[in-house]
Amino acid sequence: MSAVRKLTLAGAAALVAAPLLLHVLEQDFYVGLASRIMIYAIAATSLNLILGYGGMVSFGHAAFLGAGAYTVGILMAEGVTSAWIAWPAAVGIAALFALVIGAISLRTRGVYFIMITLAFAQMMYYIFVSLKAYGGEDGLNLATRSGVGFGLDLKDDLTFYYLVLAALLATLYGMHRLVHARFGRVIEAIRENETRMEAVGFPTYRYKLVCFVIAGAVCGLAGALLANQANFVSPRLLDWIQSGSLMIMVILGGIGYLYGGVIGAFALLALEEALSAYTIYWQLPVGIVLLAAVLLAPRGLAGIFGRSVPAREAANG
Amino acid sequence: MSGILILEQTLNGLQFGLMLFLLAAGLTLVFGIMDMINLAHGSLYMVGAYLMATFVQATGSFVLALALAVAGTAVIGMLLEVSLFRRLYQRDHLTQVLATFAVILIANELVRLVFGSQPVLLNTPAALSGPVDLLPGLAYSSYRLLIIAVGLAVALLLYLLVAKTRTGMLVRAGASNREMATAMGVNIRTLFTFVFGVGAGLCAIAGAMLGPILAVQVGMGESILILAFVVIVIGGIGSIRGALVGALLVGIVDTIGRAFLPALFREFLPPAYASNLGPAVASILIYVLMAAVLFWKPQGLFPARG
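In order, the protein sequences belong to chains A and B.
By the working numbering, the letter at position 99 of the first sequence is numbered 99, and the numbering carries on one by one without gaps.
By the working numbering, the letter at position 63 of the second sequence is numbered 63, and the numbering carries on one by one without gaps.
These aren't lab readings, by the way, just hints derived from the structure by calculation.
One thing to keep in mind: the hints can contain errors.
Stated by the list, open to error - Per label pair, the in silico range of CB-to-CB distance: (1) B:Ala-71 - A:Val-16: 57 to 65 Å; (2) A:Ile-241 - B:Ala-263: 27 to 35 Å; (3) B:Gly-116 - A:Ala-18: 33 to 41 Å; (4) A:Ile-241 - B:Ala-67: 30 to 38 Å; (5) A:Asp-153 - B:Gly-116: 41 to 49 Å; (6) A:Ser-82 - B:Val-82: 58 to 66 Å; (7) B:Arg-189 - A:Leu-295: 13 to 21 Å; (8) B:Ala-163 - A:Pro-203: 44 to 52 Å; (9) A:Val-100 - B:Val-132: 45 to 53 Å; (10) B:Ala-153 - A:Gly-174: 56 to 64 Å; (11) A:Glu-78 - B:Ser-117: 34 to 42 Å.
What the hints assert, rightly or not - On the chain B side, residues computed to face chain A include the following (Cβ under 8 Å): (12) Arg-87; (13) His-93; (14) Thr-95; (15) Val-97; (16) Leu-98; (17) Ala-99; (18) Phe-101; (19) Arg-112; (20) Leu-113; (21) Ile-226; (22) Asn-276; (23) Ala-280; (24) Ser-283; (25) Ile-284.
The beta-carbon is built from N, C-alpha and C at its ideal position, and this holds for glycine as well.
With the sequences and hints as input, model every part of the structure.
Structure (structure tokens):
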């Protein structure tokens, strides 16, 4: 068994056991926090797919988080509470947005791609701000969590935690399969040398677009989960700071490493939580830690620990 | 919708556009010469506004405070360049985004530590607080006129600096081809510290002049930073002329859109839709503009690199 596989199993086991341990320690509050972190881990992992493997530096990934969250929120406001309808709808809507945004944005490259994805996310941000019927700038409270049936009640934080954990593991497994399949190889090859791949005969634009849509769809699922976790959606989910945070999770965790998004989400959000308990000025130490990480660990945290899969740093803009 | 109203809003747009230009000019040079994404540019704008508020209180003179704020911010900018940004030029864009994002967090918290979370009060100078009659029926804020005058003067100075001086020639050489300029013996390192200082100073002018109109508060830099990025992308990265055209375009389109679109929508649509749609379309107008420009001219309106 390889070291990575051992670590994977150990990590999964730790996440399965964590709520029980927290319960014994009477720290049940942290179950909710852990759910939130794992949801962000899903979102960051989806961004890592296009950023790390595809070399597409999207600065507007929060748009898909918001699209998924608002789909659940709006459906619930209209009386649709079943997860079986709302969650696939969230994934579908996010994928649809990703298809439109990607189709236009992928015609540009480099810095211009960064800026145009940002522009689209900003457009969606302002559209949701102006949706007065669904809360506008103040956001929208969800009456309840989505219902899944089978005797499971997501309003129970523990049940919700395990559902999110299952979604995270499924996302990671799917991503693992995807990047090791032919599709993933093609995507990585396009990142390395798009002109050559085009010359060899691959429809590179279509490959990139499919990759972009997959990432958007997965992020939409994270958005649906996040709306349920917080019982609240607001335009702040689509803020460019949010897109920036997702990017930071990926860069901090390790670009192009399977677990980069997970490690980054855990590191950033746990750091925020721990520091905010001690000082209201917690952004200051977070900023300093980020700066140190950039200067001292250029390949991210995963790069310090793992030697395997040293996917090249994402294409330079 | 009278002509007077349109004229007034155009002046507002011009004023906003010129201030955007001051921000975008520094950003586009940093971006163009060193190929560096500096998200912390908005933080220098914030620092400039806070320094202005402090110096106005300390000295009581608007002009003196402006000079001190600009000089102070320029020094801070150059220190930041020498200590940190230099290490980032050779790194990829992603790393630059992460590092300068960290600088935003640090700058915001430092300002909050020193000045507190409440917005700081910065008044217009007493002599300029009233309106002046530009035309019969058009009374316009004299302070906004001052902003337009300062913006035009700085734009002219910057044009002379970039187009007519030896330093400006080196800057243009660096923006169009950095390697070639280095090979021809230009000391890009020193040049760039200088450019960064100028950019920071321009930020401070914008922050100081807009301070009395907008709120001087933590986070003021972030919202305007995105607009500055939109401006330089529309104008073409690295081009000062592009930044000016882009800034005026964004300033006027944004202001006019916000002023007239909601009313226009009310003319044609049921009120329920219009009240939602008007502000939304007005807000996204500049992003639509940018997407459209990028679609037809992927390098911006005035590409700096040939």
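Hints and how they fare:
1. B:Ala-71 - A:Val-16: 57 to 65 Å: Between Ala-71 of chain B and Val-16 of chain A, where Cβ atoms are some 59 Å apart, the hint holds.
2. A:Ile-241 - B:Ala-263: 27 to 35 Å: holds, 32 Å
3. B:Gly-116 - A:Ala-18: 33 to 41 Å: With Cβ atoms ~39 Å apart, the hint holds.
4. A:Ile-241 - B:Ala-67: 30 to 38 Å: holds, 33 Å
5. A:Asp-153 - B:Gly-116: 41 to 49 Å: For Gly-116 of chain B against Asp-153 of chain A, whose Cβ atoms are near 45 Å apart, the range 41 to 49 Å holds.
6. A:Ser-82 - B:Val-82: 58 to 66 Å: The hint (58 to 66 Å, Cβ to Cβ) holds, given that Ser-82 of chain A and Val-82 of chain B are roughly 59 Å apart.
7. B:Arg-189 - A:Leu-295: 13 to 21 Å: At 19 Å between Cβs, range holds.
8. B:Ala-163 - A:Pro-203: 44 to 52 Å: holds, 46 Å
9. A:Val-100 - B:Val-132: 45 to 53 Å: holds, 48 Å
10. B:Ala-153 - A:Gly-174: 56 to 64 Å: With Cβ atoms ~59 Å apart, the hint holds.
11. A:Glu-78 - B:Ser-117: 34 to 42 Å: holds, 38 Å
12. Arg-87: At about 7 Å, which falls below the 8 Å cut-off, the nearest Cβ of chain A leaves the hint on Arg-87 of chain B intact, so it holds.
13. His-93: holds, 4 Å
14. Thr-95: At about 6 Å, which falls below the 8 Å cut-off, the nearest Cβ of chain A leaves the hint on Thr-95 of chain B intact, so it holds.
15. Val-97: Holds - the Cβ of Val-97 of chain B comes within 8 Å of chain A, reaching about 6 Å at its closest.
16. Leu-98: Constraint on Leu-98 of chain B satisfied, holds at 5 Å.
17. Ala-99: Because about 4 Å separates Ala-99 of chain B from the closest Cβ in chain A, which is inside the 8 Å limit, the hint holds.
18. Phe-101: Given a least distance of 5 Å, the restraint on Phe-101 of chain B holds.
19. Arg-112: holds, 7 Å
20. Leu-113: holds, 6 Å
21. Ile-226: OK, holds: Ile-226 of chain B within 8 Å of chain A, min 6 Å.
22. Asn-276: holds, 6 Å
23. Ala-280: holds, 3 Å
24. Ser-283: holds, 4 Å
25. Ile-284: Cβ of Ile-284 of chain B sits 4 Å from chain A, so the hint holds.
The structure meets every hint from the earlier list without exception.
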